[in-house]
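Engineer: Spelled out from the first residue to the last, the chains are:
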Amino acid sequence: MSREVEQQNRRMLRARDAMDRRYAEPLDITALARIAHVSEAHFIRTFRATFGETPHRYLQRRRVERAMALLCSTDGSITDICMSVGFSSLGTFSRTFREIVGESPKDYRAAHPGVDRVPTHFSMAWTRPSEMSSSFGEEPGSGSA
Amino acid sequence: MFTNINVSQIFVLDQDEALEFYVGKLGLEVHTDVDLGFMRWLTVNVPGDPDRQILLERPGPPSMDEATAAQVRELVSKGVMGGWVGFVTDDCRRTYDELSAKQVEFTDGPNEQPYGIDAGIRDPFGNKLRFVQPAP
Chain A
1 MSREVEQQNR RMLRARDAMD RRYAEPLDIT ALARIAHVSE AHFIRTFRAT FGETPHRYLQ
61 RRRVERAMAL LCSTDGSITD ICMSVGFSSL GTFSRTFREI VGESPKDYRA AHPGVDRVPT
121 HFSMAWTRPS EMSSSFGEEP GSGSA
Chain B
1001 MFTNINVSQI FVLDQDEALE FYVGKLGLEV HTDVDLGFMR WLTVNVPGDP DRQILLERPG
1061 PPSMDEATAA QVRELVSKGV MGGWVGFVTD DCRRTYDELS AKQVEFTDGP NEQPYGIDAG
1121 IRDPFGNKLR FVQPAP
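Residue numbers (this note's numbering), protein chains in the order written: chain A, 1 to 145; chain B, 1001 to 1136.
Just chain A, with the same shape it has in the complex (with noise of 0.2 Å):
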């Protein structure tokens, strides 16, 4: 692998991180592609190619595991839940969630005890639903699902 694949590589995971961050924002991708130094259409791209899904799909994926902490870990109103994590509508939420997850929030909720006990990192690398679903919605650029 070339120096300036890594590089390449290495900008990528900025952006990304930055998406782990900020993932309750709408989706910038004129941001992110200016964290990553490419243009939009080459940033959608190469992250792709990169991580193996789209950035959309990155921070639908981020949001839904922040809501599975969030429902195991608070006594938050799934609506509530729903919102801070960037959604803006509750039922474009527990789709997105069912999809992913293959249960509801609030079955969900009721199955599974909290993850607190270990370092942030892990439990958000490994409470990351895989994606279930090759119908969900990919379209770049749309922000809060």
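These are computed hints drawn from the structure, not numbers from a lab. This one's a predicted model, so the numbers in the text were calculated from it and none came from an experiment. Quick reminder that beta carbons are idealized off the backbone N, C-alpha and C, glycines included. Wrong hints could be hidden among the right ones.
[Said to hold, decoys possible] Taking CB as the label site, the calculated pair distances span:
(1) ASP1035(B) x THR74(A): 49 to 55 Å
(2) PRO1047(B) x GLN7(A): 30 to 36 Å
(3) GLN7(A) x ASP1065(B): 53 to 59 Å
(4) ALA1135(B) x THR74(A): 15 to 21 Å
[What the hints assert, rightly or not] Capping the alpha-carbon separation at 20 Å, the derived lysine to aspartate or glutamate pairs in DMTMM-like fashion look like this:
(5) LYS1078(B) x ASP75(A)
(6) LYS1025(B) x ASP1049(B)
(7) LYS1025(B) x ASP1090(B)
(8) LYS1102(B) x GLU4(A)
(9) LYS1102(B) x GLU1029(B)
(10) LYS1102(B) x ASP1091(B)
(11) LYS1078(B) x GLU53(A)
(12) LYS1025(B) x GLU1098(B)
(13) LYS106(A) x ASP75(A)
(14) LYS1025(B) x GLU1112(B)
(15) LYS1078(B) x GLU4(A)
(16) LYS1025(B) x ASP1065(B)
Please arrange chain B on chain A, whose structure you already have, making use of the hints.
Structural biologist: This is chain B only, laid out in the frame that chain A set:
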């Protein structure tokens, strides 16, 4: 049986750049830096804790072939190599501020956690590092 951990390892893509980061920015100190011929044995430790070294290892021949080293380098730069180090600090927020002033790249934090206050950073190559101020 075992009594301690004295050396752990993390892959870095450039040992000089690693020194600048781990020593120059994070404030660790060099424990050993010696050219063994077949490799540069470079370890660092937290000041005052020389019994726990971190080996900053460059992937490459002869320990692995070039193709395998390229795979390792790719995984490191994507942030999925898996190597990571957890540090302890007595003041997470102050450490966060100090490292921010040195343009260290943060992934998150400071976060209030059941086990304390923690934050995450990346080294220049993509490795994750964390530091925690343990809960009293």
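Engineer: The structure should be examined with respect to each hint, and the outcome stated for every one.
Structural biologist: So, going through the hints one by one against the coordinates:
1. ASP1035(B) x THR74(A): 49 to 55 Å: holds (54 Å)
2. PRO1047(B) x GLN7(A): 30 to 36 Å: Once the Cβ atoms are compared, 31 Å apart, the range 30 to 36 Å for GLN7(A) and PRO1047(B) holds.
3. GLN7(A) x ASP1065(B): 53 to 59 Å: At 23 Å between Cβs, range violated.
4. ALA1135(B) x THR74(A): 15 to 21 Å: holds (19 Å)
5. LYS1078(B) x ASP75(A): Between LYS1078(B) and ASP75(A) the Cα gap is close to 35 Å, so the pair fails against 20 Å, i.e. violated.
6. LYS1025(B) x ASP1049(B): holds (18 Å)
7. LYS1025(B) x ASP1090(B): holds (18 Å)
8. LYS1102(B) x GLU4(A): Roughly 25 Å between the alpha carbons, so the hint for LYS1102(B) and GLU4(A) is violated.
9. LYS1102(B) x GLU1029(B): Holds, because 17 Å separates the two Cα atoms, which is no more than 20 Å.
10. LYS1102(B) x ASP1091(B): With a Cα-Cα distance of about 17 Å, the restraint between LYS1102(B) and ASP1091(B) holds, given a limit of 20 Å.
11. LYS1078(B) x GLU53(A): Distance ~13 Å between LYS1078(B) and GLU53(A) Cα, so the pair holds.
12. LYS1025(B) x GLU1098(B): Status holds; Cα separation ~9 Å.
13. LYS106(A) x ASP75(A): holds (12 Å)
14. LYS1025(B) x GLU1112(B): violated (24 Å)
15. LYS1078(B) x GLU4(A): Since the Cα atoms of LYS1078(B) and GLU4(A) sit roughly 13 Å apart, the hinted pair holds (cutoff 20 Å).
16. LYS1025(B) x ASP1065(B): violated (32 Å)
The structure does not agree with the numbered hints 3, 5, 8, 14, 16 stated previously, though it agrees with the rest.
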